[in-house]
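Novice: The lines below spell out each chain.
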Amino acid sequence: MKEILTQVELIKLLEFFENPEVLLEKMTYHITALMNAQGAVLRLLREGYLHIVATCNIVSDRVIIPADEGIYGEIIKNGNIKTFTNGMKLDIEAHSAIFIPLKINKETFGIVSVYNKISPEGAYTDFTDEDKLNGEFFSSIASLIIHKSLEFNELKEKETQTKKTIAEIQELKNYVENLIQSSADAIIATDLNNIVTAWNRGAEEIFGFTKEEVIGKPLSIIPDFFQEVDRFYIEKIKQGETLKNLEAVKLTKNGKLIEVNLTISPIKDARGQIIGISRIIRDITEKKNLERDLIRRNEELTKILFINSAVRSTLELNKLLRMILTVITMGEGLGFNRAILFLIDEENNVLRGAVAIGPSSYEEAWQIWSSMAREKKTLFEVLDELGQKEFDEDTFLDRLCKNISIPLSENTPLVRAVKERKIFNIKNVHKQEADPVIIQQLGSQAYAIVPLISKDKPIGVVWVDNLYTRKPITEQDINFLKGFADQVAGAIENAWIFDKVEKAEKELEMLFNSITDLIYYTDNTYTIKKANRSFLEKLGLEENEVINKKCFKLIHNTEHPPKDCPHRKAIETGRPTVSELEEDYLDGIYILSSSPIFDSKKNLIGTINVAKNITELKNLRERIISMEKMAVLGEMAAKVAHEIRNPLLAIGGFAKRLDKELRDQNLKEYIKVIIDEVRRLERILNETLSFVKPYSISKEPFNITALIDDVTKFIESTLKERNNEFIIQIEEEFPVLGNYDKLKEVFLNLITNSNEATENGMIILRIKRPEELPWEIAQTDKEYFMIEVEDTGCGIQKENIKKIFDPFFTTKINGTGLGLSISKKIVEEHGGIINVESEINKGTIFRIYLPVYKGGGNNENFGG
Amino acid sequence: MKILVVDDEKNILMLYKAELEDEGYEVITANSGREAIELFETEKPDMVTLDIMMPDIDGIQVLRQIKQKDPNIPVIMLTAYDYRDDFSVWASDAYVVKSSDLEILKKTIKEMAEKFGIK
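Protein chains in written order, with this note's numbering: chain A, 444 to 1307; chain B, 936 to 1054.
Here's a subset of chain A near chain B, in silico, CB distances under 10 Å, partners left out:
#1 P1090
#2 G1095
#3 E1125
Hints listed in this document are in silico derivations from the structure and should not be mistaken for laboratory results.
C-beta atoms are modelled at their ideal positions from N, C-alpha and C, and glycine is treated no differently.
Model the full assembly from the supplied sequences, consistent with the hints where possible.
Specialist: Encoded structure:
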């Protein structure tokens, strides 16, 4: 009955089929109950060891036992049930025990050990043969159940594991695919024949080809010059190598070359066979540019730092400006072809060219560049040289730039750069608003302007262009130029101010020294602190002999200031004092003005003294008075002479007539006395009034060009009044022997006539050798030169041409009609001739032919 | 040949007239600038001698008016002053300083007559 119950119980355990732990616990409990024992332990064999998997009422410290040792080993070996009685050595101290193997197909896979059989009376007893039978029975059923349960669970677990693995793989696959797809890097797979098999979005982005365009086609991103290297890589890959982080160049769809970072690896199938090649490509063009940018920036910074220190080493404006422009134009600097600095001229409210650097032609540009290439000077060396050298360079561009001034009222880019503090990069002067002056005078096609701002105030602009290389001006160039301009603007302003102060100081010094009055400063103890050149010259002393000496000692040669000296009065009263002072020691009469100087606390600290020598003035005044007296005398004499001469003429004349008529010798004698005395009186008159000298104009040798220069100076302003251009063409210089003043009169006359006949036209004066001579002088063997005065004026009426040299003939309202007749006379006096050619409304040419002076006069110094 | 002699002093006119007539010239005289211009118009002389210093119209103005009317008539300036620096005198054809010795004047008249081709 018990067996059946046990059997039922065992079968019932099938409901724990899926839960082996509970199943085994329950099973241990049931065998203990079936055997009427104290407890049991169930061990299962796993990999050569017996592991306790369930217990009932007993704790064993031997959880794992080797499966080939002792009793357990024996039981596993022969598979028989074994009983133990008191006194036997077991793993657990017990009165009795029965070990039941669990078997499937005669193979033992576990042992159930049951301990201490309990008799109905409750005492420990031994296991019987019946127990052995029950054990067999239990074993047969339990083994099956345990085995199946374990097997089932094992299967179940395996299945779960597989599912999980599949899920994990799927996840990984998705992840990788995602990774590949979303990677910014291009990931490309090809087979061994270079046919594309995979092409991700990154590749589309980088190379521009879509997936559809490339899959199944040969890989086309390797530039020709890289093919060989690529083949070399592929060979390595085919041998199973992976090449990481190579730097290479690839070609995009639109033909652009890009720099890339490349990793190439083989693709293997399940058996490890290489079936393709994968490439991971990263576009590093940007990075490379950044790298270069970084290097460049670094260099620029160094450069700016260096330039900054170099330009701050000088306060000479001109030198500084040149240094700055050199930096802007030198290849190692900013490398612009031409650069000009414009500075604001506040006085005239214009922007004015200050200094320029750059070649004036292609030839010059080429020469400069090739010589620079030969000399291979660094920027540093050039700047150093500039720092040493005195500037006297005067280039064409420099001169040109200095003539450029743009009113600040205009609104062209140059002015706007200043007013709006704006940078201009004019890439095409014909398409963008540009400065007309730049296009016209500098021929620039494209240029840039950067404002110079110092202490938040614009002081000018830097103008640059690349006329000769035609290199476009990039934003980067401009940025650097801007950085540079910001750096140097302060230095320029400093130097500018310094320059101004220096100029003002020099001017003051010059003024001080060029004043002919004697000026000196003293302190309040009559000690001279500064004196001008006139003062030194008057005293005949050097500056060091005067400075810190007492003025009274030097001026008056006394030990104390004289009582009546205005200087002393000024010091004593503290008021400016002026008075006349006769100083015999300095040999003259002076007006001395002495003005006290006070410090901020109104203490008298010195005087400024100005002494004017009025000796000359006094003398002059006296001379004028005497001359006036003389003039009155002279006039009187002339008047008297005239009044006397006429009566003398009548007396003498008639006396001579009487002499002719008279026959009486006595009377003749008397008449002769009258005649002689009259003659004597006339002679005295002539001598006193210098009438005796026979009339002829005085002549001296001189150069005709000098005369023309003189005439030009005289008449220039008159020519401007009628807006006539006066041109002088001197083909050859000629010496002439003549009366300078008279000939000057001739040319003044001719040019004045031309000017009056012409308006908004031209007057040309030519000096040349005549091609042919007019008939009047053609026959002489003298050498002549010709002076032509041509105008573009109204011309002379034909009927008047013959008369124009007649005296008093004039067509002018205010004319005297003497000019041309006198000119003609003067020319003829010089052995020359004058003629005229004229056409109405076209103009007139006067030609004067004068003999060339050959020298040889006795005391005539030519040109003297 | 007819000569117009102009001077504001009658005594001098008398002397010149006598002396020049002795030389064989026909002489008419004018006592003032105004008279000189009138006689120049009416008498049509071949040559003129002019005193510069005259009270009404001075010799230079007379010279100007005569030359404007006939640029080709020879005019000899006679003066007690040195007027050579006055440009106006340049318009005349000769210049003689007054003197009791009339030979210079007579010589100049001859030269002018020759130069201008007057008989």
